[in-house]
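One-letter residues, chain by chain:
There are 2 protein chains.
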Amino acid sequence: MKMHRQFINRKEHLICDALDGFLRSSGGANLARLDGYPSIKVILRTDQDPALVAIVAGGGSGHEPAHAGLVGAGILTAAVCGELFASPSVDAVLAAIMAVTGNAGCLLIFKNYMGDRLNFGLAAERARALGVKIEIVIVKDDISLPAISQARGIAGVLFVEKIAGHFAAEGASLRTVAKMAQKAADELVSIGVALSSCTLPGIGREDRIPVGKIELGLGIHGEPGVEQIDYSGARQTVDLMAKRLFGAVRPARAYALLINNLGSTTPLEMNLLTHDVLTGKHGAKIKLVLGPAALVTSLDMHGFSLSLLPLTGQFENALRSPSAVTAWPLVRTHLKPNLIRLPVALKSKALPASKNQALADIVLRACKILLEAEARLNALDAKVGDGDTGSTLALLARHLKAVLPTLPLAREAHFFAAVSSVISRTMGGSSGVLLGILFAAAGHAAAAGATWQKALLAGLEMMMTYGGAAPGDRTLIDALAPALLILSKKGDLPSAACAARAGADATAKMTRAKVGRASYLSAANLQGIADPGAEAVALLLEGLIR
Amino acid sequence: MKMHRQFINRKEHLICDALDGFLRSSGGANLARLDGYPSIKVILRTDQDPALVAIVAGGGSGHEPAHAGLVGAGILTAAVCGELFASPSVDAVLAAIMAVTGNAGCLLIFKNYMGDRLNFGLAAERARALGVKIEIVIVKDDISLPAISQARGIAGVLFVEKIAGHFAAEGASLRTVAKMAQKAADELVSIGVALSSCTLPGIGREDRIPVGKIELGLGIHGEPGVEQIDYSGARQTVDLMAKRLFGAVRPARAYALLINNLGSTTPLEMNLLTHDVLTGKHGAKIKLVLGPAALVTSLDMHGFSLSLLPLTGQFENALRSPSAVTAWPLVRTHLKPNLIRLPVALKSKALPASKNQALADIVLRACKILLEAEARLNALDAKVGDGDTGSTLALLARHLKAVLPTLPLAREAHFFAAVSSVISRTMGGSSGVLLGILFAAAGHAAAAGATWQKALLAGLEMMMTYGGAAPGDRTLIDALAPALLILSKKGDLPSAACAARAGADATAKMTRAKVGRASYLSAANLQGIADPGAEAVALLLEGLIR
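Sequence order for the protein chains is Z and E. In terms of our numbering, the first sequence is numbered consecutively and its last residue is 1008. In terms of our numbering, the second sequence is numbered consecutively and its last residue is 1008.
No lab work stands behind these hints, which were simulated from the structure alone. What you are looking at is a predicted structure, and each value in this text was computed from that prediction instead of being measured. Hints are not guaranteed to be accurate.
Same chains, same label: a pair holds when it works inside one copy or across any pair of copies.
[Stated by the list, open to error] Straight-line alpha carbon distances no greater than 27 Å define the calculated DSS-like cross-link-like pairs of lysine-lysine that follow:
#1 Lys705 <-> Lys473
#2 Lys798 <-> Lys749
#3 Lys952 <-> Lys705
#4 Lys675 <-> Lys916
Use the sequences and the hints to build the structure in full.
The structure is reproduced here in structure tokens:
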């Protein structure tokens, strides 16, 4: 046992406060509770048509959203909530029945546990003595204990509640509602597994499941499973459960499957388990899928249960019929994932090569400058980063030289877009994406009519937006921004190169980097060392005017 | 770090298989995916009106149901999913944009993380270069790092997605959709806490939070919180979070509150936290409540976040507008729990006393017999139970004698009902409820016209139904059933007493008890000892004919 902290206050008020939290956040759902705290905890509809059969269910708390979360048009008329994992009292059940039942009578649904049988049972008999028409359905869907005559009730109870709620809403007689609910209860099978038990408030979690094992056939109150079996992954577990379920259920053409999260299983795991059961041996027989969702939980148990109901037209209709209940999952049809072809635009719609000797000359010179600066930039980066700025830019330069004859040089917009592609294919890490953004945005601006100088400035602005760095943050922006600003104001290249140099040199005096690896270094480590990216920009421009 | 088992197969396929499980269980929701696994993981609507603005969102996986679970009419047009906690690639984002965007353009929504900014950013620029009209909203709602200029995006992104989805569905222009989404992103504030970090598949869970502490201001990828503070319960935690949120948010007349489960917080805790925030100092200002629900999770993190949005008429309308998305919670109004008075029928509607000297004599004799048998029955029970059968029945007998003058003796139906009440008020445990059921059901049968003999037999049957025991299970039924059977067939009391004696004696030969404490005992312990309940029935009937 390990003490576990939880988001609670005093244990004594937990259930009442939680129910009030549920009600407080339910405005518009037409819910109320009976004024009987703390002993009588009954959540009920305020919009029940008194001419219809009332559906009352309940049991111990700790299984939320069941059953209070299922009160509403189309499912339950009232839910009777006990303390944690404890049956509600006879008086509480009787209060629920008397509060919601009209001349059409009441169907009482509960799970097959001794405490519930006794308290709901006596309440039902008392209600009968008071003249209430009442029928009972006891849910015993757990197939994990085949030898026992008194199977437990687990998550399959939801099928029974929805089917009963549907027929009641349709105006069926108590006899019909009870008959349909009993048929569902009779035919339904469930089984659960867990990798951990649940954490009891103020007590903790029992660490009883050894590594490499999984509990099969556990109850929903932290009670041990029927057997501990070897655990070798989701797929094998689901296959075993499906084998047992389909071995026990009545043969039918199609089934509804409820995939219930017992507590802390992640949505990723639940979706994966859904995949594994629906693509497994019996998957094709599953027509309707409820969930995956946390519906009948066991606090924070890391486990799940599967419940299977043979479908009839009436059951399918009942399960699919709309309800006003938030916790009820939309009932979906099992289908093969629908695949849509990738958009054509993605498939390397490379623009055709075009000639522009002046531009080609500039690109070749730029590549030469970057190749020559490789060692120097690496050395600089080794002092404030991981020593690869020079190599990364040299790699880009080599690649750019190689593909130059295939690039669309005739139009600046096309050229910038092509450079963006080359950069993001060649350079890794965030710097590759950031330069890719700069050239893509420049291409877009050029296409919209901007001069190449203004287009590059627009690209820089986009790079700053996405990258989150600005001048003064000790990045290549400190050299690039002043240079592009001068160029976009029709300044000449020598002035731009001069501004880049001043900017690069200024980074050596910046004692705090805001982004990148240099941001992990102290002022003492940075002092006197220029940012390698800014230095690269300065070297490039200085080289181009030489 | 502790290795933790999970419901997965191979880690490499986890996200793709989980997404396919999601799609397989979504029939009827008009969803599909782009055919680009494993690198391109895009879930999209198949029923998008191409004349409307497309809403594309996404980010790393591990936050389910966000964002794939929010694709559908009224919210997202497509979701781009990365690997676990890793941004999707530029190509994946671009594929999503190109697949769903028509002439009306596309709004791209993502959270403020470097990886997302870069990949979504470059994809957006590429899409622009391909002629797509595109706008961007970056969500930075986390207020836990006040000093940082780049606040993280957490669960508040859902407000932005719903508001954008609403205006897009209404046919608004890209400019309007982006403006409303940006306004929501600008005004929204969020903060999160956790009692544990999340379990990384194949790695485990970092146990970094000491007992008695809680992490405030954590991220959604398992990254540590901004501060570890003393933990002294749900209420104090919620008060602190509310104080920070309301201190940071724009003053407004009313707010919408999103209560987001980060993973493994139980529904009970979530409802309690909802109660505490809505009844706290600022609770009255909260008008709309979204959740509590698991919406933007961090795998199985035991924590939650609160997000606050100042409401305008447009925002309220957008949040309340219906959507076809299962994961989207119904937006509810905050209201005080609605209390309904307890049904009058419960309030001790005691039937008036009435006389029947013959019956009173029998009751007094029965009480005398049970009082005299106390020690003997206790001794018998001490061998196979907890030694209190005699005392329990003597307690009942004493109470029955005392209240006899107040009971309605003139009609059997009323008398049986009254005895049922006396029994369940006096006797504890299951035996009290079971005998209460017997007499309640007998009263009901008598009221319907049955003779007292047949009424008692009907009561016995009900007791067997609820109690789950039958003849042969070594209970009082083994004496009671044969006796009541004879009586109901118009046999005389001596024959019934004789049958009860035979039945009680037979229990001494039964080597297995199916219910009650005796069921824990071995055959050797039971051999030769009669069941105390059956013995009590035999003694009672033998006494009555003496």
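Hint by hint, here is what the structure shows:
{"no.": "1", "hint": "Lys705 <-> Lys473", "verdict": "between (41 Å within a copy, 25 Å between copies)"}
{"no.": "2", "hint": "Lys798 <-> Lys749", "verdict": "within (11 Å within a copy, 41 Å between copies)"}
{"no.": "3", "hint": "Lys952 <-> Lys705", "verdict": "neither (77 Å within a copy, 53 Å between copies)"}
{"no.": "4", "hint": "Lys675 <-> Lys916", "verdict": "neither (65 Å within a copy, 54 Å between copies)"}
The structure does not agree with the numbered hints 3 and 4 stated previously, though it agrees with the rest.
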